[in-house]
Amino acid sequence: MSTRQATPRFSEREERLLASLTAGGAGTYALIGGLLAVFLWGLVAYATQLRHGLGVTGLRDHVLWGVYIANFVFFIGVSHVGALMSAILRLTGAEWRRPITRMAEAITFASLLMGGLMPLVDMGRPDRLLNLVRYGRLQSPILWDLLSITTYLTGSTLFLYVPMIPDLALLRDRYAAGPAWRRRLYTLLSLGWQDTPAQRHRLELIMRVMAVIIIPIAVSVHTVVSWIFGMTLRAGWNSTIFGPYFVSGALFSGAAAVITAMAAFRWAYRLEDYITEAHFRRMGYLLIALGLAYGYFTFAEYLTPAYKMATAERGYLTAVFSGPFARLFWFTQLTGILLPLLLLTLPRIAWVPRLHRVPLLRPRPALAAAATYAVASVVLSAASPSLTMAGLNLNQWIPPWVLPTLAVWLFLAFLPVFHARPITAAVVASLLVNVGAWLKRYLIVVPTLLNPFLPIQRAPAGWAVYQPTWVEWSITAGALAGFLLIYIGFSKLFPIVPIWETREAPESREAAVQEGIVGVAAV
Amino acid sequence: MAAAAAVGVPASRTHRPREGFAAEVPRPAPPAGPAGPSRRWVMVVDLAKCDGCRECTRACTAMHRVPPGQEWIRVYEMRDESTGLAYWLPRPCMQCDNAPCVKVCPVSATWKREDGIVMQDTSRCIGCRYCIAACPYQARGFNWVEPAATPERIGEPYDPEWNRVHFRGTTEKCIFCPALIKEGKLPACVAACPMGALYFGDREEDAVTNSQGETVRFSKLVVEQAGYRLLEELGTEPRVYYLPPRQRVYPAPPPEEAEPAGGAGRAAVPTVPRKRIDTAGGVRR
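Same order as they appear, the protein sequences are chains A and B.
Position 361 of the first sequence, counted from 1, bears residue number 361 in our numbering, the numbering being contiguous throughout.
All you need for our numbering is the position in the second sequence, starting with 1, plus 523.
Don't read these hints as lab results, they were simulated from the structure.
Straight-line C-alpha distance at most 20 Å; calculated EDC-like pairs for lysine to aspartate or glutamate:
{"hint": "1", "chain 1": "B", "residue 1": "635", "chain 2": "B", "residue 2": "684"}
{"hint": "2", "chain 1": "A", "residue 1": "308", "chain 2": "B", "residue 2": "604"}
{"hint": "3", "chain 1": "B", "residue 1": "635", "chain 2": "B", "residue 2": "725"}
{"hint": "4", "chain 1": "A", "residue 1": "308", "chain 2": "B", "residue 2": "756"}
{"hint": "5", "chain 1": "B", "residue 1": "708", "chain 2": "B", "residue 2": "727"}
Model the full structure from these sequences, guided by the hints.
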């Protein structure tokens, strides 16, 4: 068609964005090389597992699922964010979403690929994978997962791809004289986009229809992941609210992953013109809302059985609340939910900077106290065997209230710092959310398996505990590296911020977006 | 050990390797009665008689060459919470009528037969271990490492009714020895019990038999002795009934020297002979 427009000129910020596709210093290569090494190490570990069987893992008949399944739930959870950002925010006309939708959808793509691999890694007979097709039983939640995850992968890939077509056409024209493989790639993928009004209309229509369809699919994905557990009778899994509980946790961890990605790309690709502090503020609001929902579900999930303390659930609940898993559990609750919410809210209070007037509430004394505490506890625990024999138990010299006091002190001392650096606060909160999210997935899988209905008896040595082996940790690290590799690779092939969608908004609206006032929907 | 001899696998058996197994199984003879399928296997465990000798576990392990680490019939040491009464609890697969494992299996590698047995086809199992997670009785085990008795090594084809060869990365469990039942014999564990604590039979026939040759009315036994099923409240509808451990007056056997369920080099066939306890001495009832 002769309607092709002249090669469009790119604004300054667009040029900078496009430069991120090709620019790459020593740091980039070092990062990719390191990730590749970790990923390959994960493959080596998997090859070991294939050769010797699942016996190389710490899994045994009692704890029959472990970190692989925790990884599975974690990655599938993180993948939820694509639907949230691109569908829910698109449908509600939240214009501020435009620069970050693609990075959210790419998270979905990469984490679904890695999450989907995890059950395969966990299988005792991966060579019989096709039995799922040959003899598949639709009555089994595993088939539900297979169907809903593949559907979501297809849907979210389309959701990532379709709105990228106009950008691919821009790139096709830009790289007309560039590297041949890029030209071919963009020409192939842009499907002959000419930016005609008819094409634009069709694209908008497709996007609106898909936005409606993808939401139930996304909800179904994490619901059926939870039903893998919820469909059993085991204490801790036998819960009716597992579906919404997992969905809320998934959205929470996914939104946190997007905040981390926003900060990383903003810093690495110098996208300050696209991703502003207002975006972090809005994503922060979203994270607060999702965190409150998740906290509510967690509370409901644990209070109802804990109030009754029924026979079947008693062992499991005791293990989690005050037994061997208590530290991990309370860490996930305090540091994975409560602290991120505090970090996102309290530093915004106007009088926070005044805390610095109190000399004790400055970072240095607080850090010094924390360091003293750390050194003292290390020294005391190292010295205590001999001292205890001498009749002195020095561990008792540190009263139990010291640690929480120290935590509050540190928090107050750093509040003004976070007040001055809201983006840092959001990133720290997001990283805490994701660490807590992974640990919580682990806590959903393992303690239940260690507290079955019948007592664990006559287990060979090492079978009644779960200690993940190097194989499991290597594959986990490899999966994380694979996720990052796919994600970074994607950002090197395609602009991580949608060009045409951010261009569509006129400058004045953009300014309004940055002010946080937000204009009318462009549609 | 006359009972144990019955466990031996006949040399004459000619089982083809599994392919379309379900179609091959000859249906039991049609019922003589007016209606209904002919067989409904049940097991009754008299906890008052069990002295924890674990002959059942050994016979089962020998019969099926159960890989180390697994015990298809595991003898638990239990203690009643309120009375402090200690007793032994042999736990085979419960062959649940509402089987959680059958529900969740993604490839029909485990299924419910009309005669009540929950079968397991390890040549189809993909090793997802969902059935182990679903089973409330811990009746299922997994081959984490290459088992000693693989079809290749033993040179014996796989037959799910015998289940004497094993595959790495698959789930296994007690299947009530359908191959022995077909030959008119008791399951290996039942035949091996020196105390006659295990009864096996057909619910339709309303008769169960133990290793001592005692055949009793199933309904009478279970009603009169207040039979119950394990974790009845879960609604799994097990086909194994327990008679409460009342009036256990005989001493329990001395505790075994450290004999893990699957020590590394433990032979598949039990070697330690155990003294038969004389049940004629009027120890029960």
